[in-house]
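*Asks:* Going line by line, the protein sequences match chains A and B. If you're matching positions, the first sequence starts at 0 in numbering that gives the first Met the number 0 and goes up one per residue. If you're matching positions, the second sequence starts at 0 in numbering that gives the first Met the number 0 and goes up one per residue.
Hints may contain errors.
Note that identical chains are pooled: a pair holds if it fits in a single copy or bridges any two copies.
[As the list claims (entries may be wrong)] Result set (PhoX-like, lysine-lysine): computed pairs, CA atoms no more than 25 Å apart in a straight line:
{"id": "1", "residue 1": "210", "residue 2": "17"}
{"id": "2", "residue 1": "17", "residue 2": "193"}
{"id": "3", "residue 1": "208", "residue 2": "17"}
{"id": "4", "residue 1": "17", "residue 2": "2"}
Everything labelled a hint here was simulated from the structure, so no lab data went into it. Source: prediction; values computed, not measured.
There are 2 protein chains.
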Amino acid sequence: MPKTAGIILVGNEILSGKIADANAAYLCRELRVLGVDVRRIAVIPDEIELIAGEVAAFSRDHDVVFTSGGVGPTHDDVTIEGVARAMGVKLVRHPLLVSILERHFRDRLTDSHLKMAEMPDGADLVGGETVRFPTILMRNVYILPGVPEIFRQKFEAIRERFRDEPIHLSNVFVAIGEGVLADYLNGLLVDFPKLLLGSYPELSNPEYKVKVTLESRDRGYLEGALAEFLRRLPAGALVSVT
Amino acid sequence: MPKTAGIILVGNEILSGKIADANAAYLCRELRVLGVDVRRIAVIPDEIELIAGEVAAFSRDHDVVFTSGGVGPTHDDVTIEGVARAMGVKLVRHPLLVSILERHFRDRLTDSHLKMAEMPDGADLVGGETVRFPTILMRNVYILPGVPEIFRQKFEAIRERFRDEPIHLSNVFVAIGEGVLADYLNGLLVDFPKLLLGSYPELSNPEYKVKVTLESRDRGYLEGALAEFLRRLPAGALVSVT
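I would like the entire structure built from these sequences, with the hints used as guidance.
*Replies:* Given below as structure tokens:
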């Protein structure tokens with residue numbers, strides 16, 4: 000079975016409109032390339048109980064879960080405590096994380112910094128070969144930071160863990176509207192019920208009216224569906240295929 | 000009590016990394032300006048059962064809910080059916096929506112288009128004074144389209160419904176890191192426990208290290224907290240206040 004993933008963004012700053020998400024958008028693109036099916040994203044406030052509830056549900060419903068944000072040294076950084084509560088374990092301080100913090104901050108190290116050496120009891124540290132600070136993995140939950148540059152560095156260090164069968168994609172751009180197109184899409188799904196078929200109207204593009212996406216993990220199935228779709232389209236409807 | 004809101008994005012195209020969300024980011028900014036507290040965002044696939052479950056939970060937990068996406072004429076447009084199932088009602092065709100579609104599509108009108116005249120039984124149509132196609136409101140759930148231009152036009156037509164007491168904001172930019180700052184933030188929260196206090200490190204900005212956000216619906220409370228925070232900061236730590 001191909002892998003499923005869920006993404007939890009812990010971020011008052013997103014909910015209050017101060018910043019736009021960059022991490023979920025990045026992770027959805029990367030995971031798709033790897034062949035992982037992202038099934039759900041949640042954006043929730045920096046509140047321990049909400050985080051615990053969401054992490055418990057996501058961990059149960061998906062093969063892998065990623066959290067973003069809430070891992071620094073300040074009062075609003077409560078993600079790791081939320082994950083611990085989701086799993087019913089306590090927080091422990093990890094000697095390796097302490098030593099990394101000591102090396103980095105030297106005589107500027109504070110008690111607040113040492114909060115970043117805490118992890119849920121039973122968690123593993125992964126990806127530390129290539130980045131300064133390893134990623135905490137609690138069961139199937141990878142805890143990543145909110146700062147986009149570091150989020151990406153840390154994901155890059157663990158990305159090969161998630162590689163699965165690729166999902167093949169063809170885009171068909173058509174000059175007919177969705178109202179007419181709908182019958183062709185429904186007809187195609189009758190013959191190719193396992194096809195992942197998307198239909199995205201583009202109002203302001205003079206070149207085409209709708210982008211149709213055809214996807215499958217089975218390249219032959221996709222090619223068969225694509226050929227049949229193109230064969231059935233009315234004359235003049237096709238703009239391009241990519 | 001100030002209003003709370005939840006946002007549900009129905010969109011395989013977001014989960015599969017084909018497009019980045021624009022609608023939730025826009026809506027979070029707009030609702031914050033209006034004084035509405037967005038508590039949760041979910042991004043879920045175009046699947047009726049998932050939509051129904053999420054809409055039922057969001058409708059129960061928030062004063063108002065917005066959905067984005069899945070309202071066109073094709074096979075993957077199942078949001079309205081999902082909302083109906085969430086509320087335990089059937090779909091009905093509304094004569095006003097039929098007449099709008101007839102006027103717009105004239106002799107090009109198809110049965111697929113007429114799917115867009117369906118709404119959950121008991122829903123209202125709102126905002127139709129200023130946009131071509133009114134917004135379906137089912138109980139506290141506003142059903143909006145995924146195409147960003149139309150999403151914005153339709154929200155603009157109903158935005159004054161959501162105006163509440165404003166949330167006042169001050170930004171304080173500091174030249175000290177979060178490890179040192181944490182104690183000052185914790186101290187401030189002891190004296191101003193109702194302050195909404197955020198701390199956002201900026202790694203690549205040479206001007207400051209952390210942006211601190213102070214927020215309250217009570218302007219006097221915010222001003223008192225801001226003055227006290229500035230008074231306590233160590234010498235040289237303050238970069239600017241906005």
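*Asks:* Does each hint hold? Answer for all of them.
*Replies:* Verification of the supplied hints:
1. 210 <-> 17: This pair counts as between: shortest inter-copy Cα distance 11 Å, intra-copy 32 Å.
2. 17 <-> 193: Classified as between; 20 Å across copies, 40 Å inside a copy.
3. 208 <-> 17: between (34 Å within a copy, 17 Å between copies)
4. 17 <-> 2: Intra 33 Å, inter 19 Å, cutoff 25 Å: inter-copy only.
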